[in-house]
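> What follows is each chain in one-letter form.
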Amino acid sequence: MATIRQLVIDILKPHEPTMLVIAQQVADTDGVSGVNAVLLEMDEEVRNIKFTIEGEDIDYDNVVAVIEDAGASVHSVDQVACGEYIVEDEPTAQD
Amino acid sequence: MATIRQLVIDILKPHEPTMLVIAQQVADTDGVSGVNAVLLEMDEEVRNIKFTIEGEDIDYDNVVAVIEDAGASVHSVDQVACGEYIVEDEPTAQD
Amino acid sequence: MATIRQLVIDILKPHEPTMLVIAQQVADTDGVSGVNAVLLEMDEEVRNIKFTIEGEDIDYDNVVAVIEDAGASVHSVDQVACGEYIVEDEPTAQD
Amino acid sequence: MATIRQLVIDILKPHEPTMLVIAQQVADTDGVSGVNAVLLEMDEEVRNIKFTIEGEDIDYDNVVAVIEDAGASVHSVDQVACGEYIVEDEPTAQD
Amino acid sequence: MATIRQLVIDILKPHEPTMLVIAQQVADTDGVSGVNAVLLEMDEEVRNIKFTIEGEDIDYDNVVAVIEDAGASVHSVDQVACGEYIVEDEPTAQD
Amino acid sequence: MATIRQLVIDILKPHEPTMLVIAQQVADTDGVSGVNAVLLEMDEEVRNIKFTIEGEDIDYDNVVAVIEDAGASVHSVDQVACGEYIVEDEPTAQD
Amino acid sequence: MATIRQLVIDILKPHEPTMLVIAQQVADTDGVSGVNAVLLEMDEEVRNIKFTIEGEDIDYDNVVAVIEDAGASVHSVDQVACGEYIVEDEPTAQD
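Chains as they are written, first to last, in numbering that gives the first Met the number 0: chain A, 0 to 94; chain B, 0 to 94; chain C, 0 to 94; chain D, 0 to 94; chain E, 0 to 94; chain F, 0 to 94; chain G, 0 to 94.
I should point out that these hints are in silico values taken from the structure, not numbers from a laboratory.
All C-beta atoms in this analysis are idealised placements derived from N, C-alpha and C, irrespective of residue type, glycine included.
Heads up, none of these hints are tricks.
Some chain E residues judged to face chain F by a derived CB distance under 10 Å, without partners named:
id	residue
1	91
2	92
3	93
Covered, in the sense of this in silico footprint (three residues per stretch, anywhere, with C-beta under 8 Å from a C-beta of chain E), are these stretches of chain C:
id	region
4	0-13
5	78-89
SDA-like, lysine to any residue: derived pairs with alpha carbons at most 25 Å apart:
id	chain 1	residue 1	chain 2	residue 2
6	D	12	D	58
7	A	12	A	47
8	B	12	C	43
9	F	12	D	14
10	B	12	A	73
11	E	12	E	45
12	B	12	C	40
13	G	12	G	64
14	A	12	D	63
15	C	12	E	41
16	E	12	C	94
17	E	12	C	2
18	A	12	A	27
19	D	12	D	63
20	C	12	C	46
21	C	12	B	94
22	E	12	C	75
23	C	12	C	58
24	F	12	D	41
25	C	12	E	19
26	E	12	C	92
27	D	12	D	42
28	C	12	C	40
29	D	12	F	76
30	F	12	F	63
31	E	12	E	42
32	E	12	C	74
33	F	12	F	29
34	A	12	A	71
35	F	12	D	40
36	B	12	B	46
37	C	12	B	1
38	F	12	G	9
39	B	12	C	19
40	E	12	E	65
Next up, chain A with everything else stripped away, as it sits in the complex (with noise of 0.2 Å):
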């Protein structure tokens, strides 16, 4: 099966724990090279925060449940690059 080496998520969160700590937990997963996460949102009950995660062999379930045992939930998927490298997305006069 093709490894999966870049991943965007989009996550909901409580208040705690903070971004920072997931963040770090999502980096210690095996496979995982490095994570950057963006707030996106902040309303009084929820934080709305972008993962973009890098690695040689991203593991999409243990993600789930790393960021799922923080209190967290993934939202949507918004983009994967699986293979041999990390294909970008080409941008096209449809976009």
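Given chain A, work out where chains B, C, D, E, F and G should sit, using these hints.
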């Protein structure tokens, strides 16, 4: 016949299987090196997804077969690059 | 005569043959290294496609002949680069 | 625990000490290589400043302590990158 | 006298000869290495074309003579770079 | 103390001395390698100028002294980078 | 005194001599390596032109003298870089 090195297609798929699973199946096709998949739109029944596929010798018919076996369909072929290397679309004053 | 190294043309074609097939036929023409084809518009009868063609010595008349043999036509020549290397269009304050 | 390599935070501070002084104090913290500080807004009482902090192993609690010792406060954590290298935020069609 | 290394001109031409033919003739001029030609506007009588010309020592009067011999005319000189290398236009806050 | 490597300031000055003269005087200050000066606005009495100053070890107080000796004043400090290298401002979704 | 390495000026000139001739004369000045000249506006009497001048040691007074000897005048100095290398203008949140 000149080899296809990059292919950008727009697909429609039901909720299952996931975008990840189809992207991995396409990446496992002969002549494909990697796939980028982006979620464009989701409504209740259907997800609209854009695939950027790269490889040394992409077989378009095999790619379509993999996608259709997964219960999805190719809505349009938006861009293709074929030949000795990937020629980029050149922006012009007519765009 | 200075060789043509890059050619950007706008073509009109019926449903068949596909954009892929015509792009591959142009890429197989003598002096052409590769082709990028982008779908610009599709209506019921006609598809409007933009070709970016690169090569060491592109023969414009051969390219037109291949396109017309496929049942398509060249609507306009939007950009051309000729000489010892590909000169890029230089943006200026008058654009 | 995955190391924090880049941290983007939004801080609020009174007129004194200056943005320069706080930036230098954060840059002197263990595990921090450098700091970029940008003035976002100034009104009569408060300045709103954005810090981009880079380092091999940033200690978030130390950074906060340095900022609070200077009489300023962290208003929000806007972005963090952690792991083996700095993963960049990947723009997607959902942004 | 400092040599001209890049010249951007706007020309007007009738239907014939084609943009390709004039671009090739200019590229064949002494001191010119290559030409980029872009179609800006076409109406019934006249085509408006932008030429970006590069070379080690472009002779402006020869370039004009080639264009006028082809039945076209130089409408304006939009940009020129001369000297030991191609100096790029530097964008400033006054633009 | 972490060294200042890049400083962006906004200054106000009368007609004389010129922007060139003040930029050269700041560039001659110890620890400064070079200066970029841009004219932002000119009205009858005052010119508003932006200075980007780079160096191995910029002394902010010396820079201010040079500017004030020239009859100009620092209106605001817009950005500073300090530490082992120039950290760039990282754009985020909160900008 | 720190050397001037890049100078962006706005000039006004009558129809003759041409922008090309003045650009070449400035490029021939001591300490200047090259010049980029862009046409900004043309009306019946006057052309407004932007010059980007680069060199190891640009003498501003000589540049002005060359421009004025050609019957043109310097309308404004828009940007200058001086010192050991060309420092670029750094965009900030205050721009």
